Structure formats: structure tokens, C-alpha cells
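Undergrad: Protein sequences appear in the order of chains A and B. So in this note's numbering, spot 30 of the first sequence is number 30, and the numbers just go up one at a time. So in this note's numbering, spot 62 of the second sequence is number 62, and the numbers just go up one at a time.
Source of the hints: derived by calculation from the structure; they are not laboratory data. Keep in mind it's a predicted model, so treat the numbers as computed, not measured. Ideal Cβ positions, reconstructed from N, Cα and C, are used throughout, including at glycine. Fair warning: there could be bad hints in the mix.
Partial list, derived from the structure: chain A residues whose beta carbon lies under 7 Å from chain B [said to hold, decoys possible]:
#1 R59
#2 A102
#3 D107
#4 L109
#5 R178
Computed list of chain B residues with no C-beta within reach of chain A, every gap over 12 Å [what the hints assert, rightly or not]:
#6 V4
#7 D7
#8 V8
#9 L10
#10 D16
#11 R28
#12 G33
#13 E46
#14 V51
#15 D53
#16 L67
#17 E81
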Amino acid sequence: MTTRVGVVTFPGSLDDRDAQRAVRLAGAEPVALWHRDKDLHQVDAVVLPGGFSYGDYLRCGAISRFSPVMDTVIEQAKLGMPVLGICNGFQVLCESHLLPGALTRNDSLHFICRDQKLRIENAGTAWTRDYSAGQEIVVPLKNGEGRFVADERVLDELEAEGRVVARYLDVNPNGSYRDIAGITNAAGNVVGLMPHPEHAVEPLTGPTTEGLGFFTSVLKQLVNA
Amino acid sequence: MARVVVDVMLKPEILDPQGQAVQRALPRLGFAGIADVRQGKRFELELEGPVDDAALARIREAAETFLANTVIEDFTVRVEEEGK
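Throw the hints in and build the complete structure from the sequences for me.
TA: As C-alpha cells, then:
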């Protein structure tokens with residue numbers, strides 16, 4: 001049976017098609033999910049893609065977080081279903097309290113778009129098991145509100161429990177505390193990432209193909225489950 | 001119609017780069033003596049019914065869960081007096 005990975009489209013999502021393509025290139029079947037539909041259509045995992053859902057009104061991800069589809073995503077994530085939030089999807093996960101902390105305005109106030117070097121810190125999550133801990137990858141990064149913040153206690157807890165999934169290398173593009181580019185929940189099934197692995201899956205369009213590992217990881221995770 | 005105002009501000013410990021940019025622009029425009037600027041949001045809620053304890057409790061709940069992200073923001077709720 002083919003593994004089914006859902007990709008949610010919110011009003012204002014931009015990278016849903018790219019995420020679907022990455023899922024397909026990884027060998028799974030992408031399933032388009034609609035924000036107003038509570039039904040996850042028997043998917044095995046969900047990607048919340050990048051973009052500007054609801055125009056980033058109120059706060060990034062704050063309105064999408066209350067969409068019907070998110071009720072089911074939150075419920076299933078708590079039961080262990082793998083969920084990857086990329087960029088705006090990461091913001092939705094923080095607003096949903098599936099992940100701690102928040103994403104705020106870049107310290108430079110500039111929208112940053114660049115190829116970004118990252119270090120994979122935790123290769124044990126549902127979305128990073130095809131990497132090795134300490135591996136360096138380059139994927140695109142594009143955000144205006146990508147600065148990860150949390151209080152010291154939460155940051156220490158994330159570090160102590162190995163829940164920092166990826167860190168910015170060479171340059172911290174947005175002022176994220178402790179160079180954090182991505183984190184996971186305690187169970188390791190929910191991952192939020194500010195850079196865009198789905199834009200680094202093919203040599204023609206990406207700086208590398210080093211983003212594909214996020215999507216092949218979840219496939220391996222689900223097949224072995 | 002009764003109006004309830006919810007003010008949302010970034011917590012003091014959270015960097016406010018927008019406020020800082022405004023603060024840096026002020027002296028250039030001749031507005032001296034302003035030591036710090038923090039930028040927030042103001043919501044004006046027009047109620048259909050009376051502003052009673054139950055209505056205010058619901059508004060506080062809305063502020064807590066939706067209008068503010070209490071991870072990074074604080075909020076205040078106040079009733080705007082008639083005639084203002």
C-alpha cells in the first residue's frame with residue numbers, strides 16, 4: 001500500500017504544490033487536504049506548507065490554527081501521527097500549541113530569501129531519520145517572521161531533551177534564539193521548520209536536493225511502524 | 001452599543017523591532033526626547049448586548065485564546081465609557 005501524505009491548503013498557502021511534489025519524489029502519494037474539511041482522507045502523515053495563510057492577519061498562523069482541518073490534525077498529532085510544519089506551517093504549529101514558543105518579526109525587519117546552511121541536530125524524529133546528527137545541508141529560506149522565541153526555561157528544556165531539530169549555520173538570518181531553525185515535540189512526530197526543504201528536492205530548481213530527506217524520512221518511519 | 005477595547009502588547013522581554021524602527025525614525029523627524037517605543041494592537045469590539053460579567057468573561061477568553069498569543073503577548077480588556 002502506498003503511503004499517503006496529506007498537504008493542507010489554507011487560503012493564502014503558497015508552497016502546497018511544491019510540498020506535494022516533494023512527497024511524490026520521495027515515493028509517497030500526496031493527498032490535497034482542504035482547510036475547511038475536517039476529514040484527513042486516511043492520510044498517514046500531514047504537511048502544513050509555507051505561505052501567508054489568511055494574509056498573516058492578526059498573527060501568522062493564528063487564524064488557520066482554528067480551521068476545521070486543524071481540529072483533526074491536532075487530535076491526530078497528539079495520537080502520534082507525523083506532522084511537518086514548514087515556515088507558515090511552523091507558525092501554525094506554534095499557534096496550535098503543538099510546539100512551544102512563537103515566531104516573530106525578523107530582527108532585521110527585512111524579508112530574507114537565501115540559500116541557508118543548516119545543521120541537523122536531531123536525526124531521530126519522524127521527519128529527520130534519513131539524516132545523521134550533525135549533518136550539514138543547504139535549503140532555501142524565505143521569511144519575514146521567522147525569529148523563533150521562547151522563554152529561557154523552554155529553550156533550556158528543548159536543548160536538554162534534544163528537541164532542537166535544526167540550527168542555522170554561518171548566518172542567523174532572523175535573530176532566532178540559539179540559532180534555532182526547527183524544533184520537535186517530545187514524542188518526535190511533530191516537527192516545525194522555518195527553512196524550506198520542499199524547495200530543495202530537484203537539481204533543476206533547488207540549490208541542492210538535500211531537503212528530500214525530510215520526506216523520505218517520514219516514509220521510512222511509516223513503513224517501519 | 002457597548003464597546004469593549006482589547007489592547008495587545010508584546011511582552012517586555014520580547015524584542016520589538018518595529019517599535020525600535022519607529023523610535024529611531026522619530027528624532028530624524030524632529031520629535032526628540034522619546035526614549036522607547038513599543039508597538040501593539042488595539043481591538044474595538046462592539047457588543048450586541050449589555051457589557052455584563054458574562055460578556056466580559058467571554059471577551060477575556062477570546063483575548064486569551066485568539067486575539068493575543070500569550071506566549072509572547074500580554075493583553076488588557078476595558079469597557080469604553082458611553083459618549084466617548
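Undergrad: Each of the hints needs a verdict: does it hold here or not?
TA: How the hints compare with the structure:
1. R59: With Cβ-Cβ at 6 Å, under 7 Å, it holds.
2. A102: holds, 5 Å
3. D107: This hint holds: D107 (chain A) lies near chain B, its Cβ roughly 5 Å from the closest one there, short of 7 Å.
4. L109: holds, 5 Å
5. R178: violated, 14 Å
6. V4: holds, 17 Å
7. D7: The claim holds: D7 (chain B) sits with its nearest Cβ about 14 Å from chain A, beyond 12 Å.
8. V8: violated, 9 Å
9. L10: For L10 (chain B), whose nearest Cβ neighbour in chain A is about 8 Å away, the distance does not exceed 12 Å, so it is violated.
10. D16: The claim breaks: D16 (chain B) does not keep its Cβ more than 12 Å from every Cβ of chain A (closest is about 8 Å).
11. R28: Non-interface label on R28 (chain B) holds, nearest chain A Cβ at 16 Å vs cutoff 12 Å.
12. G33: holds, 24 Å
13. E46: holds, 18 Å
14. V51: holds, 23 Å
15. D53: holds, 25 Å
16. L67: violated, 7 Å
17. E81: Given a closest Cβ separation of 27 Å, the condition holds.
In terms of the numbered hints stated before, the structure departs from hints 5, 8, 9, 10 and 16, listed from lowest to highest.
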